[in-house]
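Visitor: The lines below spell out each chain.
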Amino acid sequence: MIEVKNLSKAFKGKTVLNNVSLQVKEGEIFGYLGPNGAGKTTTIRLILGLLKPTSGEALVWGKPLGEHPELRKQVGVVLETDGLYERLSARDNLDYFAQLYGVADRGSKIESLLKFVGLYERRDDKLGNYSKGMRRKLALARAIVSSPKVLFLDEPASGLDPEAQRLVRDLILQLSREQGMVIFLNSHDLDEVERICSKIAIIQNGEIKAYDSISNLRSKSSQPVVQLTLSGDADIVKASQFLKTQTYVSSVSADNHNLTVTLNDEKMSSGLLAALVRQGVGVEEARRMTRSLEDIYLKIMREAKG
Amino acid sequence: MGQTLIILRKEFKELLTSRSTVLSGLAMSLFFSVMYGILLTESSKALPAHALDGAMFTLSAMLGVFMSYSFTSQVFLREKMTKVTETLLCAPVSLRQIWLGKTLAVTLLSYAISLAGMGTLLTVASARNGDFIAPSLAVVFHIVFVVPAFIAAFGGLVGVAQMAMGMRENQIFGFIIFLPLFIGLNTIMGMSGGVTVAWWQVGLALGGSLILLFIASFLTRFLSRERIVVTLA
Numbered sequence: 001m002i003e004v005k006n007l008s009k010a011f012k013g014k015t016v017l018n019n020v021s022l023q024v025k026e027g028e029i030f031g032y033l034g035p036n037g038a039g040k041t042t043t044i045r046l047i048l049g050l051l052k053p054t055s056g057e058a059l060v061w062g063k064p065l066g067e068h069p070e071l072r073k074q075v076g077v078v079l080e081t082d083g084l085y086e087r088l089s090a091r092d093n094l095d096y097f098a099q100l101y102g103v104a105d106r107g108s109k110i111e112s113l114l115k116f117v118g119l120y121e122r123r124d125d126k127l128g129n130y131s132k133g134m135r136r137k138l139a140l141a142r143a144i145v146s147s148p149k150v151l152f153l154d155e156p157a158s159g160l161d162p163e164a165q166r167l168v169r170d171l172i173l174q175l176s177r178e179q180g181m182v183i184f185l186n187s188h189d190l191d192e193v194e195r196i197c198s199k200i201a202i203i204q205n206g207e208i209k210a211y212d213s214i215s216n217l218r219s220k221s222s223q224p225v226v227q228l229t230l231s232g233d234a235d236i237v238k239a240s241q242f243l244k245t246q247t248y249v250s251s252v253s254a255d256n257h258n259l260t261v262t263l264n265d266e267k268m269s270s271g272l273l274a275a276l277v278r279q280g281v282g283v284e285e286a287r288r289m290t291r292s293l294e295d296i297y298l299k300i301m302r303e304a305k306g
Numbered sequence: 001m002g003q004t005l006i007i008l009r010k011e012f013k014e015l016l017t018s019r020s021t022v023l024s025g026l027a028m029s030l031f032f033s034v035m036y037g038i039l040l041t042e043s044s045k046a047l048p049a050h051a052l053d054g055a056m057f058t059l060s061a062m063l064g065v066f067m068s069y070s071f072t073s074q075v076f077l078r079e080k081m082t083k084v085t086e087t088l089l090c091a092p093v094s095l096r097q098i099w100l101g102k103t104l105a106v107t108l109l110s111y112a113i114s115l116a117g118m119g120t121l122l123t124v125a126s127a128r129n130g131d132f133i134a135p136s137l138a139v140v141f142h143i144v145f146v147v148p149a150f151i152a153a154f155g156g157l158v159g160v161a162q163m164a165m166g167m168r169e170n171q172i173f174g175f176i177i178f179l180p181l182f183i184g185l186n187t188i189m190g191m192s193g194g195v196t197v198a199w200w201q202v203g204l205a206l207g208g209s210l211i212l213l214f215i216a217s218f219l220t221r222f223l224s225r226e227r228i229v230v231t232l233a
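First to last, the sequence lines map onto chains V and P. Using this note's numbering, read the first sequence as starting at 1 and increasing by one per residue. Using this note's numbering, read the second sequence as starting at 1 and increasing by one per residue.
Check the hints yourself; a few may be wrong.
Calculated cross-link-like contacts (lysine-lysine; reagent style BS3-like; alpha-carbon spacing at most 30 Å) [to be verified]: (1) V/Lys267 to V/Lys52; (2) V/Lys267 to V/Lys199; (3) V/Lys109 to P/Lys83; (4) V/Lys12 to V/Lys25; (5) V/Lys25 to P/Lys13; (6) V/Lys63 to V/Lys209; (7) V/Lys209 to V/Lys25; (8) V/Lys63 to P/Lys13; (9) P/Lys83 to V/Lys12; (10) V/Lys244 to V/Lys199; (11) P/Lys13 to V/Lys5; (12) V/Lys126 to P/Lys83; (13) V/Lys52 to V/Lys25; (14) V/Lys73 to V/Lys126; (15) P/Lys83 to V/Lys149; (16) V/Lys5 to V/Lys238; (17) V/Lys5 to V/Lys267; (18) V/Lys63 to V/Lys109; (19) V/Lys209 to V/Lys244; (20) V/Lys220 to V/Lys126; (21) P/Lys13 to V/Lys73; (22) V/Lys52 to P/Lys13; (23) P/Lys13 to V/Lys115; (24) P/Lys83 to V/Lys52; (25) P/Lys13 to V/Lys126; (26) V/Lys267 to P/Lys13; (27) P/Lys83 to V/Lys14; (28) V/Lys132 to P/Lys83.
No wet-lab data here; the hints were simulated from the structure.
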């Protein structure tokens, strides 16, 4: 659906995007992560046809959006700024974009959207009287007024309070689940991305450093870690001595009654428990530790910096 | 044409919500028209028709252009400053449709204010003259056809420039345009009463306006989404 092939962009000889390739398929919520100035917004602008690539191509349904206005009817956007008119009311803002996108039965669509984002009571207020969170919600309503099949979101929850962030996140999930919308999410909110995205790409200095599903990135970027809570001090000593002799164990560290075991092989995490029980170690609890997206992101960033 | 009309309606509505801009424009138009009407009828002699013709010929265009200058910054530049342009460029609408819709909105409102000024001028001059003075057919033609074309040409050219230029360049450009406009508006107060308006002058003004309009429309071919996006505030 969205296909970016060897995309590069340079401004006045300075490369800001270098040979980026990625694909977003139907039904996916794709997270595009990276620090400020990494090239996230440039990528979105290139896909939307707002910029022309120096080399490579960015296609949606096999065509460049910039040259196909009829395809742009199927695409909704929330960019860094809200893209709303301060001097118009919420209803007039939605009405304007609904007309431009050729939305049929605008009145009822706008009404239901305003209710959907919780702004119906303030529909006739000018945007000058809106809070940042309200504007962001209205921007999201504006982006989906034409019932697009693809939605591009550039930092949709940026600057919002936790409650509004959660609302935006729920809205995105709802759009994906109920309407099957493909969502391309630019963000540096790792928590947000981790909660809602099925696949991610991490970009730094204009280059893709990682591109996969979050679970694959987890297994690729870290060794499996198991935390064991043992019955007593004797068990700790016994288990430590045993595990240090096993080839599938990378490291063992003890802390009170807990033993943290890093494995060389993902498959051995279940065998580990059985082996300890066979050795007569009293195991009260075993937990498979997962790395957060933040850990993965920071590790990739550190590696990229060398 | 559908997309252009949608943009025209929205811009017109948004301009009207900017009450201070519209009211100050209207006040300026009325002020110059009243002043002009008084100046023309200062002598005790009956006002010669050609004096009013000359005044209406120049003032209608100058007022329209002055209003157009003021409104283009509201319609074209403001959208770039707030970066709403970027979202608009993602919509299924061409750059030419955006330009045309905005230019027409600016023209419509500027022309309406210019007409209000001409109505005031005619009323003041006739009242002070003690008898209604009818403008010549050439001047009526000029006001009905040439003035809107001239305003559209000017607004269109400024609009293209504002879409293509960065914020700093736009500031300099605005200053470069504003100064001669302001001086021009003041200067014609003293001289245009003596101008006799002939059909050839009206024809020349119409031809010039249409050429400028064509140039402005032609220049939109050189606008690109990238050019606009990289020159956002």
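Visitor: Tell me the numbers of any earlier hints that the structure contravenes, in ascending order.
Guide: Going through the list in order, the structure violates hints 1, 4, 5, 8, 10, 11, 16, 17, 19, 20, 22 and 26 and respects the others.
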